[in-house]
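*Asks:* Protein chains in written order, with my numbering: chain A, 3 to 320; chain B, 5 to 727.
FYI, nobody ran anything at the bench for these hints, they're computed from the structure. Hints should not be assumed to be uniformly reliable.
[Stated by the list, open to error] Examples of chain B residues lying across from chain A (beta carbon under 7 Å, computed):
hint	residue
1	Gly224
2	Phe336
3	Leu671
4	Glu695
5	Lys701
Cβ coordinates follow ideal geometry from the N, Cα and C atoms, glycine included.
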Amino acid sequence: MTQPNLQIQQVIEAVEQVVIGKRETIKLAVIALLAKGHVLIEDVPGVGKTMLVRAISKVTNAEFRRIQFTPDLLPSDVTGVSIYNQDQQTFEFRAGPIMGNIVLADEINRSSPKTQSALLEALEEGKVTIDGETHQLHDPFFVMATQNPIEHGGTYPLPEAQLDRFLFRIKMGYPTEADELELLSMTEHGHPIDHLQPVIHVDDLVIMQKEVPAVYVDGAVKQYIVSLVRETRQLEGVELGVSPRGAIALMRASQALAYVEGRSYVLPDDVKYLAPYVLGHRLVVDTDLLSAQSEDAEKIEQVLRKVSVPTASKDFVR
Amino acid sequence: MSRDTSLIRHPQLAVLYVLGFLLLAEWLFPLPQFTDTGYVIVFLILAGFFFVLNAIPMSSWFRIPLVLLAIFVSLDVIFFTETFMSFSWWQTLLNETVTQGSLLLTGDWQALSPMFRTFLFMVMIMLMSFLIYYWVVYVKRILFFFACSVIYVAILDTFTLYEGSWAMIRLVLIGFVLLAYLKLSRLSTVYANISWRDWTRWSIGTTLVILVAGSVAFFGPKFSPQWPNPVPYIQAAGGFGEGYSTENRRIGYGEHDDRLGGGFELDESPVMYAEVEDPGYWRGEAKHIYTGHGWESEQHGEAVEEQGELNLYEEQTEVEEKEATLRYTSYFQTRELIFAQGEFFEATSAGQSLNYYVDAISGRIEMGSGYDEEAGMNLSYRDAEFSIEGMQEVPFQEGEAGDPEGIELRYLQTPEDLPERVTELAAEITDEETDRYRAVRAVEDHLRNEYEYETEDVPIPEEGQDYVDQFLFESQIGYCDNFSTAMVVMLRSQDIPARWVKGFTPGEEVEDGTYQVTNANAHSWVEVYFPEVGWVPFEPTPGFNNEANHAYTDLELSDSPDLDDPDVPDPLEDEQLDEGDTNEEEESAAAGSSDTDGGLSPVLIGTVSVMLLGGIIVFFLRERIIVKWMKRKHQDIQSTEQFQRAYLSLLWLLRFTGFKRNKYETLSEYANRIDQRLDNENFTLLTRQYEDLYYGKERSSIMDGTNQRYHQLLRDVHSRIAR
């Protein structure tokens, strides 16, 4: 019988000590991290987004950076600049906040599209080019962007094409009453994150990231993924369905989930569980931002109900 | 399982159980309509006893003797003359059991005695009572039986004399109440806290629904029947085995000719062997009342005379005395009749005189005592040579023929609603004829030449349609009954006294002078009355010739070449074409039951109900049977391959028993759902094992405990079903 991956389990449990009652979100973040994907968190301020990222970076001993996106933020403020060094008569690269292992891109929709795309390009390429010089980003590199759905004034909603760069879109939501109470007790005498100790080394993360693609995906499961993705393109009220990139993302994420669970193969359950997070933001639904997420979730739910799960037929016996 | 106390702890179930008994009673009430039983009350009491017995918890060691005792007492009431449980009583019972048991084993069901059939029927009542107990108390579902009951009453109402209106109303009331409260009972097993208040509310709702539905049905406008009567349609479709109405019947000599029509199959079972000089038609009896559907004979008791003589020919007709020997086989269903080739006047059997009764009007001769199976019977009869001149002397014009009054009264009858065109056709055919003989010949020739001989696809007249009219103008195909009846009716319409005769054709010569007559040789023809000559047979059916009537040979030479039909088939074909009047009631007659009066044969009903019952039992136990079978088949799961097969059949079983997997459900979601209901995690663990094999890459081995889990799960499913 399969046992969940122990190290990952430790990471999740450690993070859970500071982010109360958000085990699912934590797990999803870790899955994204392992799948070399990035996460977009869409929620109101103050529900623990920052705390989540900080905690993850702390327990994995990763370098944490934060970029607060503002309307006047320039692309170079994200990626870094080359500065002329008078002493050595050379240009010297001053790395921007993107040069970290785990980067929090806060309120990404408040800066100009130009700056947004500088970040998003970095997400896709895994490197930045400044003044003709290419700089590799760190490894592992994990971005958690947040989007504030309430403040409409002075925001630049992310274009659909760029939403595609995020592996998951997650909504954190308010904690339950009990959790909120516990949160207060916990922070009564200082924040516990200061006492959080690393449980794995950041290099272990890199090794794990390399192990994820080795997780076996059976033809039947691949077929299931493809059926799901294709079904999104036929949904009513959806302008644009999920791209093939979305299908790849779903498979990779499922592999990572299977890895977290300590399984050497992907189950349809993995796919089904992750589909709302992976596919939701890849749909172009004609609606406003606030209700978009619930609308998307509903659509994905429809798709999941339509597509039949591949299970054994009578003639199949291995 | 709460089997032992369920009825005591749930008085409402006891009430429902009584309603279940009333449903079964609706099955028993109509019994006299299609069987000869006069003992419905015995069956009812017996059924009631079984119902009570089922409700009382006891071991089978008590139950079975009690059941048998009840059945024996009932049989005693119905059949036994001996003192109950006396020595001779037991002797009779033992004899009956041995002989009937062997009949049952050899499959000779038609020969079962009434008592043994009643015994089987009582066993069936017992099984039904148990089934109803099972339906009401265990599964709490009655819809199937309710629907069957409604169909049963509807069928009886349609096809028999049974008036099912009130039965239907009672059924619907009982059925609705049962359905409603059984549903509530089912709910109360799921939701523990159903109170008396809920019962009250449920009752009000149920009553309202029944009242509203009932009054809408009662007061609402209703179409008059959209079909005139479904019976002929159903008969025409050929599926229904009612006595006189199957489309294709086995042919043979039968007693009932009141509904003719429909095709038949040839039955080559020999009915008698005849040693005779010249082959001729074997005359059974004549019938003279044409109803529009078939033939009936009046009951004429005073005409029946012991050791009487038959009077077919007038004095002026030349006769020759002849003898023949007849031996009847066990296939013969009307063995009480004596057949003769002409005017019968004496019969002996094995040298002793044979006791017989002659009906002077129909010519039916019923045998009394004295028939020796081995020796058969010796017949003496007069064969006539009819004088053509004598026949031609009878004028054709109405009122001038000089028929005796008794003949005119009886043999000119036609139904009042006989279609006009039959008479018109007959008039047209005989238009130019001046004497009766030529007129008869003209009609005979017309039928022989213009209509086609056919045994299959012969229609049955619809309600309100005349049998002859249908044959003459619509179907234009038929067999002897069609031809002979048509000829009689046409002749009568022209005031020529005629009657319809049935019997057998000579059959096939198997040895020198010995003829084998089979059921397929059953036949019907026509007799026409000529003053001063007598009753002269005619043969309107193409392909048949009454060779024994020597007079015809003379006639052909002198006068009537047209008799020699150009398309008379050779003897071989003739044999194939040979047929006769259709026979109904074969089964009931053979089974020795008394007259069912056009109803369903009890044996057929018995057979069908036993099969139906077996089917029902298997149907309701199917899940248990399957689980048993699966337990055995997947007894020991060793290899992954075995496991996968076992798992797949498990999936199938679950789907079959109502735990269906939604197509969007993954296996583990499904397993989880099932496990929650069964309150353990066997299925989930098994599923994990299976997923490992199905979605995984490497083949893992069978986990420990898989066997136990699998069988535990089967047991859980089983007990779930049992509940």
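*Asks:* Determine for every hint whether it applies to the structure shown.
*Replies:* Structure-based check of each hint:
1. Gly224: violated, 42 Å
2. Phe336: This hint is violated: Phe336 (chain B) lies away from chain A, its Cβ roughly 56 Å from the closest one there, beyond 7 Å.
3. Leu671: With a closest approach of 6 Å, the Leu671 (chain B) hint holds.
4. Glu695: holds, 6 Å
5. Lys701: Holds. Min distance 4 Å.
Checked against the numbered hints given earlier, this structure breaks hints 1 and 2; the rest are met.
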